[in-house]
Amino acid sequence: MQLGVCYYPEQWPEEWWADDAARMAAMGIRYVRIAEFAWSRIEPTPGEFDWAWLDRSIATLHAAGLRVVMCTPTATPPKWLVDSDPAMLAVDANGQARGFGSRRHYCFSSPSYRAQSARITEAVAQRYGQHPAVAAWQTDNEYGCHLTVLSYSQAARQGFRAWLQAKYITVDALNTAWGNVFWSQEYRSFDEIDPPVGTVTEAHPAHRLDYRRFASDEVVAFNRIQTDILRQHSPGRDVTHNFMGFFTEFDHHDVAADLDVATWDSYPLGFTQDFFLSSLEKQRYARTGHPDIPAFHHDLYRGLCTGANKGRWWVMEQQPGPVNWAQWNPAPLDGMVRLWTWQAFAHGAEVVSYFRWRQAPFAQEQMHAGLHRPDRSLDQGGLEATQVAQELLAIGLAATGDAAANASASQARVALVLDYPSLWMAQIQPQGADYNPMEITFRAYSALRQLGLDVDIVSSRADLKSYALVVLPAHLREDAALAARLAALQADGTAQAVFGPRAGAKNQALSFADGLPPGAFAALAGVRVQRVSSLPPGVVDAVRWPDGSLSSNSHWREDVQTQGAQALANFDDGRPAVLRHGSSWYSTGWPDEAGWKQLFTRAAAAAGLATQDLPEDLRTSRLGNHVFVQNFSSSTVHYAPVNHAQCLLGARELAPQGLAIWKLSPSI
Amino acid sequence: MQLGVCYYPEQWPEEWWADDAARMAAMGIRYVRIAEFAWSRIEPTPGEFDWAWLDRSIATLHAAGLRVVMCTPTATPPKWLVDSDPAMLAVDANGQARGFGSRRHYCFSSPSYRAQSARITEAVAQRYGQHPAVAAWQTDNEYGCHLTVLSYSQAARQGFRAWLQAKYITVDALNTAWGNVFWSQEYRSFDEIDPPVGTVTEAHPAHRLDYRRFASDEVVAFNRIQTDILRQHSPGRDVTHNFMGFFTEFDHHDVAADLDVATWDSYPLGFTQDFFLSSLEKQRYARTGHPDIPAFHHDLYRGLCTGANKGRWWVMEQQPGPVNWAQWNPAPLDGMVRLWTWQAFAHGAEVVSYFRWRQAPFAQEQMHAGLHRPDRSLDQGGLEATQVAQELLAIGLAATGDAAANASASQARVALVLDYPSLWMAQIQPQGADYNPMEITFRAYSALRQLGLDVDIVSSRADLKSYALVVLPAHLREDAALAARLAALQADGTAQAVFGPRAGAKNQALSFADGLPPGAFAALAGVRVQRVSSLPPGVVDAVRWPDGSLSSNSHWREDVQTQGAQALANFDDGRPAVLRHGSSWYSTGWPDEAGWKQLFTRAAAAAGLATQDLPEDLRTSRLGNHVFVQNFSSSTVHYAPVNHAQCLLGARELAPQGLAIWKLSPSI
Amino acid sequence: MQLGVCYYPEQWPEEWWADDAARMAAMGIRYVRIAEFAWSRIEPTPGEFDWAWLDRSIATLHAAGLRVVMCTPTATPPKWLVDSDPAMLAVDANGQARGFGSRRHYCFSSPSYRAQSARITEAVAQRYGQHPAVAAWQTDNEYGCHLTVLSYSQAARQGFRAWLQAKYITVDALNTAWGNVFWSQEYRSFDEIDPPVGTVTEAHPAHRLDYRRFASDEVVAFNRIQTDILRQHSPGRDVTHNFMGFFTEFDHHDVAADLDVATWDSYPLGFTQDFFLSSLEKQRYARTGHPDIPAFHHDLYRGLCTGANKGRWWVMEQQPGPVNWAQWNPAPLDGMVRLWTWQAFAHGAEVVSYFRWRQAPFAQEQMHAGLHRPDRSLDQGGLEATQVAQELLAIGLAATGDAAANASASQARVALVLDYPSLWMAQIQPQGADYNPMEITFRAYSALRQLGLDVDIVSSRADLKSYALVVLPAHLREDAALAARLAALQADGTAQAVFGPRAGAKNQALSFADGLPPGAFAALAGVRVQRVSSLPPGVVDAVRWPDGSLSSNSHWREDVQTQGAQALANFDDGRPAVLRHGSSWYSTGWPDEAGWKQLFTRAAAAAGLATQDLPEDLRTSRLGNHVFVQNFSSSTVHYAPVNHAQCLLGARELAPQGLAIWKLSPSI
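Chains as they are written, first to last, in full-length UniProt numbering: chain A, 1 to 668; chain B, 1 to 668; chain C, 1 to 668.
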């Protein structure tokens, strides 16, 4: 458990550098990320590199005992590069090339930009790959930020055609797979196929899905060019990329296959304002963020790396105060930066790195707080980071090795499966204007967390053997392999599977699953979906549970034919809302919080997992033999974990924004 | 009264065809529409036709005793045609050509596409024009769907200039008619005139109106090319086109002049979600649809054909379950498909044809239900269609000849005048952001229906002699001919005329009517409009009626000078809300439901028509000697028509979604 | 105090002209504005002028004793000019040239259009510059209307580069000033710099700010070409331009430097519907307009001219009834046109000129009322204008000379500073989606007015010596000169300064002010801003005042470190909401009406100014020795000013829409 920070020496007078480095070290910071936007300073004119300033700044950090996370600067190609090669620009859905003057203006498919990206990566890697201060590498920055994954350039068009040909071999196979007989959409050759934009009404869903697959693969390929070069020139260093929140434009599991450690950028208040929360939630959590937004992503990104790197993750950018980019940007309550930092450690983070050391006085992000204000004074975030560093030392967790932390983190008994192609399918064909597959996934996750359960968010290819409960809130994609693994698990013992609506509904070409939904999951779920409804806002149906309590359902309903499943909860018209079939559970609709908790309480019990109804906005996380209790509410709460042995930090009484860390008795 | 279905043999294995046909016949289906999207299968490569599959599919249907409605496939030109002639594409308001990959991408004004359209129409007509199975033809599909009437191509620009020259002869005449002295908008030649797009602020209203007239005429011309060819090669068959709901982009009366029968596509739930209903109405009618949405269009399209074809209409596509294209797509309650089908027959439909026989498993409409599910199992809609077929046989109405049905249908004593140019005028200059002329028309219609009145919706050119009450809710266009006919009717007897606000306000060039509104209707209405207000949401004025009851007014208000008219209801400031002048009634504002009912109750009484306040969401329709009672509410209702003799179907007690058919005693 | 009217002889039959002129004179109208949209009639074909009709129309007006305000017709270049020089067109952010067919389609930066503008201006000025009827000139019409200040043409691009070079001399200076090291946004030459559009995410704020400065300067330069020509050919006549409401796209103080008198176009109902008022306010003020919308602009435009012309202003276009261009367009209540006219005189208008004499029957503005209806009948606005003319005569105010009126008007003791660059800064970086600097300025102004205070709205360069209270609600720009002047004033006596949040926060390049906000105002305000929050809707914090009363705060909050200031009102968490530091007051947030009134009551008291809590929607204005009492409410109110001597018009009892004019006793 280490702290880090993002730092931009090129933005500050050189005479400040040594002082900055000394204060970082004094504060307890260990890692410093640099240079991800510095191309115009590294190569001010084409082919002429200016390494001197960067050499000196790295040396300064090194001298202070800090470890450097070095970056490739490819997210911000300079103007001279754009002017020399306008074809490198991404092109929007209207055919307009994106302009210079912010960032991420490149097209992932551009061969010339890929060459430029390799060239600058190689130059930086050759220069610093063996530098003793360099501990890790970050490729580019936030792939896809500002919705830049999809580009409609000529290069993308050509790349897409080649990608399709490689996938389908013959255009007849494509026509059949997509169902192009519909509306005379048949093609006679791959060269007739354009990107799915500009159509009179919605473009063909299979066409759109394959374009998103292609675009995701282009991100993977772009990243791999860099990781290959970095591994060649800087062996033994971790290579990472910093992912974002609620971002689904490419398959993160695929990109992570080329990384040693997954990192992400955690902005709880910004995500609370800019995503799908209700107005009331945006108000309620304006200054704390929704407690499960960071947790959800921690658990998601912890699940990204595989093999020897299983469970390895960092927060690369931690919100240190108000940001600039959300619709509204409140300051966090005092104590939140500390609480968020501990929350990340509680979910197994190796490093929590703040963005940024000092607030920039200029340009687009000048209203984004740092640990310091633009005038070098320490801001609230800096105070709280210092406190965390001291607490880590005080309770001996700073010493916790990475491997141990990861191992402990992987003790969750609940797996939630998140599958990017399934998200794309629901985004392409939501069927109801507010059907957001990320929201239903998040709502299910939040209910699990409110029941005190730790959760691993995993890919559909993950090994599920260690889990007692597997939850698939939005797994639209027909997935025979996963179905087979779940069946095998259930045959072996008590593993429970919970399916959200639309599970298995679509085949790989975004057509109906064979034999109607839930397709490959039908034998498990014991149901066959006969028709579906998306429901306008305000159409809310009551659901009655065996104990007489009510929950409510909105957004979505399915009428199912039972094929072995028993109704557990019913709508007023007698149709089943939730069914059980052996160790499998199926929700025919979109439950509210009470509904998800009813369902998970039962499924967890069947799985042998204890649940509890935690106080409102209190969360617990178990990491190895420790339990971290986090109070996101505005009230003082009293809470101690079952079987606690010792309180390392805090107490049973938790003030708002309060934290307690308990050691459990060894029997647990 | 016959049932039909839309069928896509090209989308299914040929080995299913015979079974499909046999089951259609067994279910009681008589008509099968085919091939409207099959161009890529009929002509897979330029000039090479593949008739074999289509020959066999028609033969299969024929062998089962089914009658085929054959279509021209021009709504979906294939990719090879687009690539060979990109100028055929429609162009949007930003100058961007619409892309291939959905449908309706052609420009109505393209000479080359008109030639292609004629070529493929002739090919299909020659092949099947004399086929014994072919009972009727449908041209293209849903002209204008996805807002494709307006195109800004070079062909459209040239066509518009020629159209203007033909209309105005000299550009000075155009300048004068439009009032181009305003803002120096004068032209020196027709060649200076562009389409009315891309302007800094709103384009000139007369310019916009003429562009919409031109575009409407282009649809008429495009359609006529096909109907001429079809009549030549397939004499004796009905030629139709399937119109849409709440669609106003072209003048349907003009297109219908070239048809034998009008058909339309009825999707009550989709229209309820996607149009102007309030949020509360969208919730309340989510699973039944607003009861008057299908009725309104039945009555509208029944009024489209003229002469020997007067009153002839079908439902070509009847919603059979949830659809895919509305913002939200709930499933209809069980019983609604039956109720909608009977409702169409009650309004005089010759045929109700379901869209579609079987839900497609792929492509854009895969979430659109059919009578069967994609796996061939019978869906709820199929069950209810079967029930209707059996009921038709049981009560002997299947045998009802077309002519008889039409004759009976035309017994309505209330005419509501719907005038497309008037709708365009209000759309171009709404004056209040939510002034929707289709909404006020629909609200007036709904109030009439809630009073138990049958309504014919007619064009402004219709013969009005048989009507006791004529309603003009949104007839903005100055219409001296109609005024004269109304005056003559009133001189002859008791015919009452009800004018909504803005009646007669605009001349043909969308300028002020001579002598101020209501222009040509001034002598009838006995008022002169002195000023108007459009009212923001929440500004609602009370209206007091002679019986002391109150209604409320929103959206619009006019201050009028009375010129013979007497105030019937007044606003709180004493200004008249509704006035009467002999047999004419004028509403100065936009009444709520209570206001319309107050007004129509009085006007109907003056016309000698009995009204009743029907139970909420109950509707009745008289057809010849039958009364059809339809319960759209969620409660059981008891109702029987006055002077009933015999109940053919159902009973006095109507459960939700219930239907009763009564025969009246002969005295009526 | 004189009345005027806007008149379009070219739109009416010549035989009506003499009658129109006679009735204008009889009605009491003195000024007639003509010809601002008449280019196509003045020059029907290139280079061939048709002066005859204009000569005759001016002669007709002259003969009736009317004074003409002549215009340059450059807001509406005719089609032949556009076709001969398409490069003159403005270009939108997508690179699309704006089309002909409405107005204002030209680009301010186009050299060829500037030449055309000079040519037609010179032609008109030569023809009528010395005409005895011509009393004044208006340049163009409503610069920037329909958001036409920003253009992205090639000419603008070239102009911007030259403008930047002139400002920064070297591109390194620009890179440093903007902070282009951020995101590698550095340029190597001015020729690399494009307009700030089309970027992937927000363009650089300093780049955007300089583009807005450049665009504003282009308006100034465009206008100056005309004013130079007019002064040359028509010496001794006033030159003006008619500004708009809530319009901030160029710096009005800069344009006014070339004018003799400022005029503006006052549409209280339209502005009420189309700007930032809440839904409830839009309803409440639908038929009266918000009382402070006209007042705010009267006081703003009174402050525009300087030197010998200080305080000179007119209403060039006064709303005479319902308009056509707002989202909703209610008719004003009877009496409002009179009340608005008197309100303008009460704020010191020399002339109130109605738009327009007669409603046009055609084209875009046909639903815009005039003093007469299209059929020549007198409309309500005409009746009320007549009444005002008679009242002016009756109480002897028509004779009031311009100079006297202006002098009296400048007796306000409260100055509100409005700084266009500050508005641009907040618009470019609002930081909260609903942070509208014009709204907070208006809300502060309205609170001052509700306390009975007269206000001068002045530029940051204004001489502030005569003011006891200076208010800066949204002065984001660091302004050392203003700070120094305020400090000097305070050193001299009791001048109080009230700073809204964000005061002085940004330097000239829209970067952080040195030493953190409020930058140059820090010594005055005695605070240092440590962090800021923008607050989503519904997050409202209570503010407690010394008297125990509560107000509430929304939109924005700052945490400040006090550097001498004392907290006056606090949030519940104890942080200061409002602070006082000697004669300076600082609001850390966005107060509600109660909060502003609490703050201003105290600051006014400290300044020695008496305040009163006026009855709701009552307003008073003092002009010289007169007090004008205006009742915008829907209730009868009793009110008389302190120290009144005589009631010239009206009475102590004011009915809704009522007005009273009092003479004060000489002691005051």
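Just so you know, these hints were derived from the structure itself, not from any lab. Among the hints, erroneous ones may be present.
Just so you have them, the derived chain A footprint on chain B, three or more residues with Cβ under 8 angstroms [said to hold, decoys possible]:
#: 1; region: 77-86
#: 2; region: 328-337
#: 3; region: 552-565
Predicted, not measured: the structure shown is a model, and the values here were computed from it. C-beta atoms are modelled at their ideal positions from N, C-alpha and C, and glycine is treated no differently.
Hints breached by this structure: 3
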